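> Listed here are the chains, written in short residue letters.
2 protein chains.
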Amino acid sequence: MSKKYTIGVDFGTLSGRAVLVDVSDGGEIASSVHEYAHGVIDSVLPGTGESLPELWALQDPADYIETLASIIPDVIKKSGVDKKDIIGIGVDFTACTVIPAKADGTPLSFLPEWAGNRHAWCKLWKHHAAQGFADRINETFSGKSDPWMDTVCGKMSSEAFLPKAWQIFAEAPEVYEAADMLIEACDWINLLLTGELTVGYVIAAYKSCYLPGRGYPSREFLSALDPRLCDLFEKKCPGRIVYPGEAAGRVTREAAMKFGLPEGIPVAAAVPDAHIGAFSAGLSESGDMFGIFGTSNCYFLTGENRRVIPGICGTVEDGVIPGKFGYEAGLCCFGDHFAWAAKNAPAEYENEAKEREIPVLRLLIEKASRLRPGESGLVALDWWNGNRSMLVDNSLSGVIVGMTLRTKPEDIMRALIEATAFGTRTIFDAFRDSGCKIRRFMTAGGVPLKDPFTMQLYADVLRIPIEVSSTRQAAALGDAIHASAVAGREAGGYGSVAEAIRAMAAKTAATYYPDPAASAVYDLLYEEYVRLHDWFGRGGNDVMKRLRSIHG
Amino acid sequence: MSKKYTIGVDFGTLSGRAVLVDVSDGGEIASSVHEYAHGVIDSVLPGTGESLPELWALQDPADYIETLASIIPDVIKKSGVDKKDIIGIGVDFTACTVIPAKADGTPLSFLPEWAGNRHAWCKLWKHHAAQGFADRINETFSGKSDPWMDTVCGKMSSEAFLPKAWQIFAEAPEVYEAADMLIEACDWINLLLTGELTVGYVIAAYKSCYLPGRGYPSREFLSALDPRLCDLFEKKCPGRIVYPGEAAGRVTREAAMKFGLPEGIPVAAAVPDAHIGAFSAGLSESGDMFGIFGTSNCYFLTGENRRVIPGICGTVEDGVIPGKFGYEAGLCCFGDHFAWAAKNAPAEYENEAKEREIPVLRLLIEKASRLRPGESGLVALDWWNGNRSMLVDNSLSGVIVGMTLRTKPEDIMRALIEATAFGTRTIFDAFRDSGCKIRRFMTAGGVPLKDPFTMQLYADVLRIPIEVSSTRQAAALGDAIHASAVAGREAGGYGSVAEAIRAMAAKTAATYYPDPAASAVYDLLYEEYVRLHDWFGRGGNDVMKRLRSIHG
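Protein chains in written order, with my numbering: chain E, 1 to 552; chain C, 1 to 552.
Chain E with its partners taken away, still in its complex shape:
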């Protein structure tokens, strides 16, 4: 049998990329990237020129079609492979990114009568203008036990589906009425490819509180918010739930012609971009932990059963690896911290960076890396953007202790990096305290590959070796692995996701081992971190909440 290939497609915030991968070993044969023509629409609505309010973030689904029509033919052409040997395709997308659409999938924003209404457009994951609705949801269920709120540990993010849908209903009832569905962008792409209306389980579970066996939040749940919302999921979220490892359908003739794909190959169930990278890192056994280092950090641990671990964002059955439970936790702030520090870097540093033709962030990290552990004299709480785990409290804020007249920007930078590592250690400790084993820690992404200093620091703080995946396309490779499993053994793929992962996961580019001397110093600093963490975060001193209320 000739060599077989699958295609992974990763729809990010600003661009989409495709990789074409060798099914036998996961080797990347070719890749292609296309930037969205409209990028993130956050200031002016195209066509009308209307100014968008603060915190809005929209996209144009036409950009997704254009991207797909560019990268699929391009990646196939670059690879030189015979189309017949492409046996499947998998797509991931940012989530929750939601498109109001007609029953045939046409986005409302494509229709002239709706294009001038901003609520008719696709709301991007980072559309934060629904915060008021998230607040009302959280207030409504505050102190109450509810199985759906439990999936988000009692606190729903403004980025989730329900606040976004409610905002449309409340602010533009005519759009809500006209939309036959409010569909996740990833499901929408799969509809485009297969002609079938499906709902990727992982996105639904994490973003819409979908619970296996119970389904979406009930009529009673929704009525508590607004009785007129009671049929939201029934009416606006049609489609068969498909689990990871399952196909959403097969590529139609129309889609095959439009995007240059082989007709009839299976399309994997929709998955979120944050999770699928775990496949490419080789996550497989219970006790495997996967960390994505980005704007914020996400950690996924696989396990055998449902666990209620206070402070963990969620426990989702089949949530990462089919057949395993996925425990998710995270930091609200990682790259964002460092971007903040870089933005606030003094002129002197800016000039030095310019002279050396490196980003000022790189200069700051370089200077921070020259300090010994503890040398900054600082300890920080990494809550610049709230705390996702273990406190699940976005009203918390950041702290720096130990400032002196000699404190330099690199001291603050180092303290921030350390604080995120300490925050990660609280997550590791919580997992271990509740009886979960953490067997391995794998990472993927730009930071792990580009920043050995930060990876070594994490290894020292966490006292665990950190394996860095060699792929720069963790999500897209994960999709290709997913597609290979969905294609099945007979087509030249694999019998299961686990089998596909074993064969195709990326190699380890580097492993960082803890340095006992550094770890010993970090143990001391971590004690300080925990003491501050508990005092400021667990009711010892609710100054952060009071400051927000004084702030008004």
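It is worth saying that the hints were derived from the structure and are not from the lab. Being a predicted model, the structure only gives us computed values, none of them experimental. Backbone N, C-alpha and C define an ideal beta-carbon position, used for all residues, glycine too. Don't take every hint at face value.
[As the list claims (entries may be wrong)] If you only want the chain E side, here are some residues facing chain C, beta carbon under 7 Å, derived:
#, residue
1, G402
2, E528
3, I550
[Claimed, not checked] In silico negatives: residues of chain C with every beta carbon more than 12 Å from chain E:
#, residue
4, E50
5, S51
6, I65
7, G116
8, W148
9, E196
10, R228
11, I358
12, R406
13, R425
14, T508
Add chain C to chain E, keeping to what the hints say.
Same frame as chain E, now just chain C:
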């Protein structure tokens, strides 16, 4: 009788200035400034080219003579007054600024055989290289009750006389041996003018722990440090103690010729530059509080009796106003905070300041002033340079609580200004809690005149009107007032310092009244400040000390 005049001379860190003042009303007739040729000698020893170690700060007393020879004739000439109508002179100086000298007053550094030895030079107040000796003094008396250590609340600064003298003894015994005295620069100027060896009481009390009735620290005290130091004060600090309001002597014929002064006029007792401004601000009654806003802040309150107020730097009899007790307290950091913030201002701010041709510090304050009280969302502890009052603990360090991704440099700037005001309020509260009345609060200096925003903020936080003295020469005017009292009623001056102050103090340039709405918000923030202050500063969490020990 014709109009009478006195001259005040203020020796600062970089220059000396003289003002010639109308005795009847304190009106400034003329002034003259002269910068020291060598400024602060902190990198290279003149003549030898020797590099000075870190933290060293020396001066050349020849610069003081040159300054006096320039500003006295100049100010008299500019004023156009008849020399016969000048009835006295008063001098203040930075302290402790100490000159190793021969018995006739010749500084060792003037002698070719000693000029090459850095320890033979005048150590400026901010020479910080004696920190190790201050540490040893504080360790020696740690936990012990001692009347001299009580005058510094148990903690001696490295800027005080004893650490500096001990450093000379330990590091250059030959200089210590060759010096017949280690004399305060202000006493040295008075010796130059009068030919008499006197010791200004206020400097001796604040800088050398001189206690009325008990004198300098005892032989036993000194022997506890090093038996060979036991006769330090006996041998190296000769001279009659002279109190504020007393004359150190009269201008000699030689000095009159050298500096163009009338022969025989009285020279007021030496006083430190930080204290004498209180005269020009009109401090007189018990309950009058005077604040100097500078690199750090000093607060002087007058009262009727000796009080032991824990956390106050010292209670000195005749310490500010003759016949009254002076209670001194302060912040370790005021202007230094803001200089730190300006130094760390981002490039964007630097560029905006450049474009508008204003200092970046001014831009930061301007942006901070546009925020509402509480709008920054931050609360800080102002301990970047330790805490002088009420915790008397230099091992404390700064804290910022409430950081978010939206926190801007002006938010931090505002929080720092507020924190210094809250620190000041802890002092006011301590005075009041111990039964002291604070009747009025007067300030002088560049910041009070130039920065209405900060003054208003202080009035709001302290809930007391703040009177800003109109003089920009608070110290030199204070000297002229002092000189008018020393000259006496018969010569055309006054019968007492209090009388001279009443007649000659500067007018109030502006009074800032508390804004009740702002005060109400600050009351809430101050509660947060106190809660953090007590937890971090009074043993709730000694993280700052542990961070210093981890720092190594």
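> So, for every hint listed, does it hold in this structure?
Hints, one by one, checked against the model:
no., hint, result
1, G402, "5 Å, holds"
2, E528, "5 Å, holds"
3, I550, "4 Å, holds"
4, E50, "26 Å, holds"
5, S51, "21 Å, holds"
6, I65, "34 Å, holds"
7, G116, "32 Å, holds"
8, W148, "29 Å, holds"
9, E196, "41 Å, holds"
10, R228, "34 Å, holds"
11, I358, "15 Å, holds"
12, R406, "9 Å, violated"
13, R425, "17 Å, holds"
14, T508, "33 Å, holds"
Hint 12 from the list above is the single one not met by this structure.
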